Amino acid sequence: MDALNIAREYDTVQYIVIKIGEEQYGIDISYIDNIVRMQSITRVPDVQPYFAGVINIRGEVVPVMSLRLKMGLEPDEYVNKTRIIIVKLENNAPIGLIVDEVKEVVTLDETSIDEVIRDSKVDETYINGIGKNGDTLISLLDLNAVISDKDNS
Amino acid sequence: MDVSQYLGIFLDETNEHLQTLSDQLMILENEPENEDTINEIFRAAHSLKGMAGTMGYKRMQNLTHDMENVFSEVRNGKIKVDGHMVDILFQALDALEEYRENISENQDEGTNDNEPIINELQAILNGEAAAAAPKKEEAAEASGSGDGAAAQSEDASGENKWQDIVLHEPEQHVISEAIKNNSKVYGFTVYIQESCILKAARAFLVFKALEELGEIIVSEPSTQDIEDEKFDFDFSLYFVTDAPIEKVKEAILSVSEIDHVTGDVIDMDKAKIADEDDEDAAPAAETTEEKQEVPAAASAAPAKTNAPAPASTGSDSKGSDAKKGGGKPAVNRTVRVDIEKLDVLMNLVSELIIAKNSLVSFATSETSHSGFNEQIEYLESVTTNLHESVMKVRMVPIESVVNKFPRMIRDLSKKLDKQMELHMTGEETELDRTVVDEIGDPLMHLLRNSADHGLESLELRRERGKSDVGQIYLDAYQDGNNVVIEVRDDGNGIDTEAVKKKGIERGTITPEQAETMSEKDIIDLLFLPSFSTAKVVSDVSGRGVGLDVVRSKIGALGGDVSVKTKLGEGSTWTIRLPLTLAIIQALMVVVGGEKYAISLGSIQTIEDVAEEDIKYVEAREVINLRDTVIPIIRLRDILHVEAETDEKKSNMVVIIVKKGDQLAGLVVDELIGQQEIVIKSLGKYINCSSRLISGATILGDGEVALILDANVLI
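Just so you know, the sequences run in chain order A and B.
1 is the number of the first residue of the first sequence in the working numbering; add one for each residue after it.
1 is the number of the first residue of the second sequence in the working numbering; add one for each residue after it.
No wet-lab data here; the hints were simulated from the structure.
In this text the structure is predicted, and so the values were computed from the model without any measurement.
The C-beta atom is built at its ideal place from N, Cα and C for all residues, glycine as well.
Some hints here could point you the wrong way.
Cross-link-like lysine-lysine pairs, in silico, DSS-like; alpha carbons within 30 angstroms at most [as the list claims (entries may be wrong)]:
#1 A:K81 with B:K595
#2 B:K680 with A:K88
#3 A:K81 with B:K684
#4 B:K501 with B:K520
With the Cβ distance kept under 8 angstroms, some of the chain A side facing chain B (calculated, not the full set) [claimed, not checked]:
#5 R43
#6 V44
#7 V47
#8 F51
#9 V54
#10 N56
#11 G59
#12 P63
#13 N91
#14 A93
#15 I95
#16 I147
The shape of chain A in the complex, shown without the other chains:
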């Protein structure tokens, strides 16, 4: 709901469009700290399965999460286009999200954001809106839901 509220307060919100599989997702640009190329990830034993490990971002140890595994998709295949998006929620520590590809930045206004469609392919709890950018649909990620640890062991 956060993104919706923000959308009402400010007329437009900028999203970074990423690709996971065939689907496009949008991440509110204000939460993004950095986007880095794939780098060597240090595996951490006995952690939640969707955590790929930790990386070094400017002297900070940052945990990296696989969005694919979190959403129950096939494991990542690291290619040239693979990126790690470092997001930072309010005062929380940064966290990295592995995505297949980063495409572009779009500006969506209130009117082009719809509420979540029930039958979404992806677990709907990770999405809090659908944005329409011309002909393409962008699922807007609810970062709080993605990062929180409530439904996984």
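Given the coordinates of chain A, assemble chain B onto it according to the supplied hints.
This is chain B only, laid out in the frame that chain A set:
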């Protein structure tokens, strides 16, 4: 005057003075005649009064004023210290503590006048003053206003304090030389206005002015103490010069905020000569005697019977002060540094070390040039030193936490109606500031536990042939990279049967489980939340919020707590804490292509073990190392390293780690070497279910390596 900028200093100093008062009162309770203690208390109360007055905290000032009056009378020998008085004084102390807390919270002392305490203090004063009245009129008058009494008696005999300066051989020599050369030797006592804030600076200006005219031979207190502001509002000195005395006095008085100065030409016959033979034996009693005589003879004041006593205690206190100044300072000289600034400094050092590490890895990968290596060695020594000094700034003695415990035990003793004594050692042991701030509560829990559950009732103690007074010990010492704090009592020990019963009652364990549980497992039950074996819930402990909090708090600091106990003989609680939290020496190892760091603190030895030396005990792999059977842990398995072709090597590298007296052998693929690493947290997102990984560090090549917590493996 705007004094808000001094608030921080005021609060810190108030803390110190309150602590001094509390400590000294404890001593006073046991040795009511101890003059040093009485003087110490008087000074602390006096300083507190002055500070509170300057800051405009009237209520605090009133209370300390009355306390000071009581001590002034005690000092003059007009009131005897008794249990009732100490109780009242402790109450007053608590009230002051309350003021301090109010002030630190909202810069206001609150509205509590603490009249009952003030009245009690007045009662002590008046009761004794009335009794003293027949003795001497002046005395009664003086005790009416303690301040006045002190001032008056000082006026009567103590004004020329310079006469009390004890001369040693070298100084005598200088004086006799000076007299031979027709120079004049004067003695002076300089009084600084009591409103002066920078006493030391004024004293310094006086010294400077004097040095232009001649030579200062000796001063009382010593120049060092004067620089450190370890004096009241006066100091005395012997001075050699050719100038007439008026000119010298004029020079002294030209310094502002000097109240007045007394002085005269020195008569070598009257001056006190230190008995050199007795120097080592700290001739406290002797000098006291001497001092008692001289002021009496020197002062032509009418109050002859009265004068010597206060004067001698006054000068005696000076003497003891100076002695202490030479040895260990009474109050810790502290550097107060904003912890945030330290953290920044710490981060900088961390980065420096990372930079160094990257240089090191560069050097090992390229063909080495000698100059380059030199640079690295230099950088290495710099960073190590920097690390050490920053660490030292962060280290504070645990004293600041533990020195409130004697008072707590005293109160507990009264509350629980049990006799007990607390013995502390190793208060000077230093720990990281953040750790010291956190260990107060856990230690308090353990002490209360010992006092309440540990120590038996008087009847039981007598039955068991123990002394009436229960003994509680708190010992702290450094052990390698750890600091160990032990809380020990000679009480009942833990009744494991009772714990078992309680566990079954509460459904924590089943009766069957209880049968097979080892003593250690049973004691571990005590650390579970809401588990208390006290039959009666008391004010002191027994609400079941104790030991689990202790364990979790100590755990959060990277330490652990264990207990050894013997029923009927007592228990020992041992808290083990890491010396520092931020940078450690670690051994870097390779396990299946991944790099891990193991803290050197937990490593005992590194062994080369042949595969065929592995034996099996209860289906677990062990090795027999110099007659000790040590379980083997293969890190590859534990860490779920995806086994790349595991070519069987005939020899394995085994790192022997220890926790307390337990050992384990960790099998690794390869050793990289020893390295200083900066500990970084993994953050709260990652949840390592096995707790094997205690953190991470960044290596020279920018890669992240994980830190293995060997304690979890054992």
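Item to complete: Please verify that hint: A:I147, Cβ, nearest Cβ of chain B, below 8 angstroms or not.
Response: Because about 7 angstroms separates A:I147 from the closest Cβ in chain B, which is inside the 8 angstroms limit, the hint holds.
Fill in: When the least beta-carbon distance from A:V44 to chain B is tested against 8 angstroms, hint result
Status holds, d = 6 angstroms.
Fill in: Interface restraint verdict for A:V47 against chain B (beta-carbon cut-off 8 angstroms)
holds, 5 angstroms
Worksheet item: Should the interface hint for A:I95 be scored as holding, given a Cβ-Cβ cut-off of 8 angstroms against chain B?
Response: Holds, about 5 angstroms.
Practice prompt. Hold the hint about A:N91 up to the distance rule: shortest CB distance to chain B must be less than 8 angstroms.
Written response: violated, 12 angstroms
Item to complete: Please work out if A:K81 and B:K595 have their alpha carbons no farther apart than 30 angstroms.
Response: Within the cut-off at roughly 27 angstroms; holds.
Worksheet item: Under the criterion of a CB-CB separation shorter than 8 angstroms, is A:R43 in contact with chain B as hinted?
Response: holds, 7 angstroms
Worksheet entry | Hint status (Cβ of A:F51 to nearest Cβ of chain B, threshold 8 angstroms) | Check passed: Cβ of A:F51 comes within 6 angstroms of chain B, closer than 8 angstroms.
Discussion item. Just to be careful: measuring from the Cβ of A:P63 to every Cβ in chain B, is the smallest value less than 8 angstroms?
Written reply: It holds, given that the least Cβ distance between A:P63 and chain B is near 5 angstroms, below 8 angstroms.
Worksheet item: Is it true that the CA of B:K680 sits at most 30 angstroms from the CA of A:K88?
Response: It holds: about 18 angstroms lies between the C-alpha atoms, which stays within 30 angstroms.
Discussion item. Just to be careful: measuring from the Cβ of A:A93 to every Cβ in chain B, is the smallest value less than 8 angstroms?
Written reply: Status holds, d = 5 angstroms.
Fill in: chain B contact restraint for A:G59 - C-beta distance below 8 angstroms
holds, 6 angstroms
Checked against the numbered hints above, the structure violates only hint 13.
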